[in-house]
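Residue numbers (the numbering used here), protein chains in the order written: chain A, 1 to 167; chain B, 168 to 497; chain C, 498 to 1190.
Worth flagging that the hints you see were computed from the coordinates, not collected in a lab.
Values in this document were obtained by computation on a predicted structure and should not be read as measured data.
Just so you know, even glycine gets a beta-carbon here, dropped at the ideal spot from N, CA and C.
Where hints are given, some of them may not hold.
Facing chain C, according to a computed beta carbon distance under 10 Å, are these residues of chain B, among others [as the list claims (entries may be wrong)]: (1) Pro170; (2) Arg396; (3) Arg399; (4) Tyr404; (5) Phe406; (6) Leu408; (7) Met479; (8) Ser486.
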Amino acid sequence: MDSEITLRVDGRRETLSVDTRTTLLDALRERLGVTSPKKGCDHGQCGACTVLLDGRRATSCLTFAVANDDSEVVTAEGLAEEDEPHPVQRALLDNDGFQCGYCTPGQVCSAVGMLDEAKSGWPSYVTEDLDESVELDEDEIRERMSGNLCRCGAYANIVTAIREAAE
Amino acid sequence: MKPFDYQRATDADSAIATVSRDPEARYIGGGTNLVDHMKLGITEPGKLVDITRLPYDSVESLPDGRVRIGATVRNSDLAAEPVIRQRYPVLAQALLSGASGQLRNLATTGGNLLQRTRCSYFQDVTTPCNKREPGSGCSALEGWNRHHAVLGASERCVATHPSDMAVALAALDADVLVAGPDGQRTVPVTELHRLPGDEPEQDTVLRHGELVTAVELPSLPFAVRSRYRKVRDRASYAFALVSVAAAVEVTDGDITDARIAFGGLAHKPWRATAAERALHGAPATEEAFRAAADAELAEAETLRDNEFKVPMTRNTLASVLRELTQQEGS
Amino acid sequence: MTGATRATSQGPERVEGRAKVTGTAPYAFEYPVTDPLYLHPLRAGIARGRIASIDTAAAERVDGVHTVLTHHNADALNPVGDPELAVLQSDGIDFRGQLVGAVVAETPEIAAHAAGLVDIRYERLPHDSEFRDDANIVYTPDADASPMLSPDLERGDVDTALAEATHTVDVTYTTPPEHHNPIEPHAVIATWDDDGLTLHDSNQGSHLVRDLLAPLVGLDKERISVIAPHVGGAFGSKGMPHGHVALTVLAARRTAGRPVKCALSRTQMFELVGYRPPTRQRVRLGADSDGRLTATEHDSLEQTSRFKQYAEQSASASREMYASPNRRVTNRLAALDVPAPTWMRAPGEASGMYALESAVDELAVRSGIDPIDLRLRNEPEVAPVSGLPFSSRNLVACLRQGAERFGWHERDPRPGTRREGDWFVGTGVAAASFPSLLFPGSLATIRHESDGKYRVEIGAADIGTGARTALTQLAAEGLEVPFEAVELRLGSTEQPNAGLAGGSAGTASWGSTVVDAVRAFRAEHGSDPGEGVETTAGAAGNPDLGKYAMNAYGAQFAEVRVHADTGEVRVPRMLGVFAAGRIVNPRTAHSQFLGGMTMGISMALHEHSVVDERFGHVVNHDLAGYHIASNADVGSIEVSWVDEHDPHVNPVGAKGIGEVGIVGTAAAVGNAAHHATGVRVRELPLTPDKFLR
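Just chain A, same shape as in the assembly:
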């Protein structure tokens, strides 16, 4: 069953008719040709599909496109300016925080969302004192970024990059 929806994707307004079964991830990749979010597991178990959905990081594989009518989606592609990558992307480049690159756009969106969450004072499971403001040390970054698996094993460089970008 098809349904017409409107999405804002990386600043562009897109109106399309989707099968209700189509996930947001598949709508982006297969219908709109926006392939920056990746499909690594399709079940919310790897984080490669992470986008910023209405400003918050979210796994785009576990939400139907039709449920996101009128939503704002920002991908790693949309985070970069014409000639300058986003500071998180710049830091990943500087620190070689990726290898095959397939989990990378998800890492980027997740890191950008995560930095906002930390800035808003959101705690994590490793936050010692839930009443205090959050200091984003390496253990905090590791915990908060654990929803993005990287099989090439770039975690140590990713953490360094995010620390740099956070400064």
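Starting from the known structure of chain A, fit chains B and C onto it as the hints suggest.
Frame of chain A; chains B and C shown alone:
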């Protein structure tokens, strides 16, 4: 996945009416479990009613000291809520130990409560499972059951409930507010989920068409000192092998009140009433902690791969109580 | 804790870095094609038997279904010696999850839905999927299983030496099946039109894919293009084309030129693209009172599949590692009704060195000799079995430098004596070794475009290794032009033939090719070439091949914490020191070592594909069930390397670096866990339950 109709609910009454009269209709919230199940072929709704725009998205402190959490409040928002962090740290920690940041941003309070077991055989439609297909048999009973139940299981099903949040809610004696075609009712969270018995296909006591609208936390002053400890195979982003939610009140070195629940051990969040009774009035000592654990675990029945859960639970409970009582004493 | 050592200030940034961090680098499934169809595979629900009937009528009735492919209507394929590629050629079932058909439809949703409507009935035969030491299933691998190494080796008199040894260990280790799980699932888009067959494929060598597919489908090689500019991880699982490629090609043959897209699901990857086989390894060591090995015995049993043999001979790790006058190595296989295993990062060495280096640690504990010292005492002068000199061997330097950096001398050797809060703390060490290989036959084209700009083409693969960047560097260096003046193209059969990205041989094989092709270009066109001139050439042979034993080495150090109550295991700190010849690009090389060590931590703590023998399948077949290390599981990892100039290995002087980083990691972690707790776990992975007390 079979084709389905999608509707966005604008008011609760019509949503409840729509789902109630259509046996193939389901509510959908954040979708992190239901979408997964639809992809896996575990469930095939003909209609989804999206409840995320219903006005259940706030956390309110009530005049009597209770706190009401709307059913569509996202897990991440709830964990960040100051009243939760200050008064119910066990709940904030439980939420934060679950899934990942990007999933917690989607997942709702109601959906988290109603998520279904992660038993590998339940999730694999090519293997028998009584929960998924009543009467087909339980593959886990004599299969891979590392993550399975040691308390309250049946021959029909040894699955565990995967929620962390629900374990904290069970310890806190939370209530679940439910609206249905026949009006509203309140279900204590400890009675929401069922043990498998002969009907493992029934996860909860909810009837078709009933909608979780809110969760209410009692005013429980000593919960300010509470903790959720999750033991898992990965340091993060993994389901619990064993988890402990606990709040204790210590007066003059003796435990005067305790609330304890276990995760990863049963088909439901396991409220550890025997452990609580054992602790009541006992001195805050290692011996008492272990005796309390033993009281609760006396009935445990282990399977091929999950014998470790008994000592792991005992040790984890002792560890949490040690930490909480030391904290209290200092 | 601090992050990884910053070696990243040296060496150019990845050429394709910008495209990767923005997500605009196209992977196989993302290639824009017109009017595609989507393929959803059908898989066997039994582990052995045959298909009795397959009813596709309901699926075919679904709106938008183009074709349902089964063994009844699939075209014949020519035998090419790889049973995995012979899809839909019979009704036989050799393993659960085997490809038995496909639904091809207008959208992925329709294809998936219709696939669920296909009714397959089977005639079951009894299957055997239980890995064990049982004469009914165990055999000695064919000699051609691993052409470089015979399965068995015997030197001296091991039994007498063991009987007379002052210190002995006799221990058995097991390693579970492990799956590669690159984050990009295997994917292919096949287009079969008047121009021939075009594949956008995720692979480790486009030429190899073409070389196998051409005879399979009976097309001239020239009519097949295989394109894979970016590959989202592979680790061996994309080395050989698997059945889904043949299946998609079969489908594309009947869609009148419409492209057919197929991406395996994560769950399907647990059955269709190989895995590291489980092993059971017995290691017996005998040493004199000074800790000098008098006997080394290593017997390995590995799983293979009944329908396709795979042998990685993990006991071979003990052939040349340490001096030992008496030595016995045996490799056996257990053949089962299971999917075929394949190469996975450091095949053989990862499992074999886990056992050997754990056993050496046990010998150190038993003999009271420091584990580093024990290794130093058993350093061979020449390669022990072949008697060849080493082209270079700097294991001693790795161990010594590592010990210094890691603070090894402060270590109290007594296990279970250090505790910080709730955590037992320990440290461990292990050695690493990986052969330096070189695959001949690659060609590169060097072309002068204009104004000092060059284009270099080689059909190599960059699976995340940084090959594109390192080869650009080598070309620029040889041409004596700036890095930016070279545009390097790889990943496709449009470029000259190049071998597989495997065996850690990329920089050696392709790098040597580029270096020699640049020389040939200069010889032909001089230092001031005209516009558009080009030269295609391969690498000259290496005269030192066969005259030296050539290996990369490393020393792995780990600090491990084990929670006193829960048994949780953490690795807050690791150090790897490697000796791998010339490091072409320190930035990307650092990542290669780091990645190997990280995967090694994952192997040590998490990875285990659990087989349910009743069904013959992997039960935990997704990324929630099969754990790979998450960010929180990986602490500080320091990577360094010793300066090593090796004139013999190849013209570049580079040894492989992609695999040696995983070798020894699991042993170092296990040895440290023993040091922390006094508990010796001999079954990977080191999950919390194994340390509960």
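Verification of the hints:
no.	hint	in the structure
1	Pro170	7 Å, holds
2	Arg396	8 Å, holds
3	Arg399	8 Å, holds
4	Tyr404	5 Å, holds
5	Phe406	7 Å, holds
6	Leu408	7 Å, holds
7	Met479	6 Å, holds
8	Ser486	4 Å, holds
Going down the numbered hints, you'll see the structure goes against none, and every one checks out.
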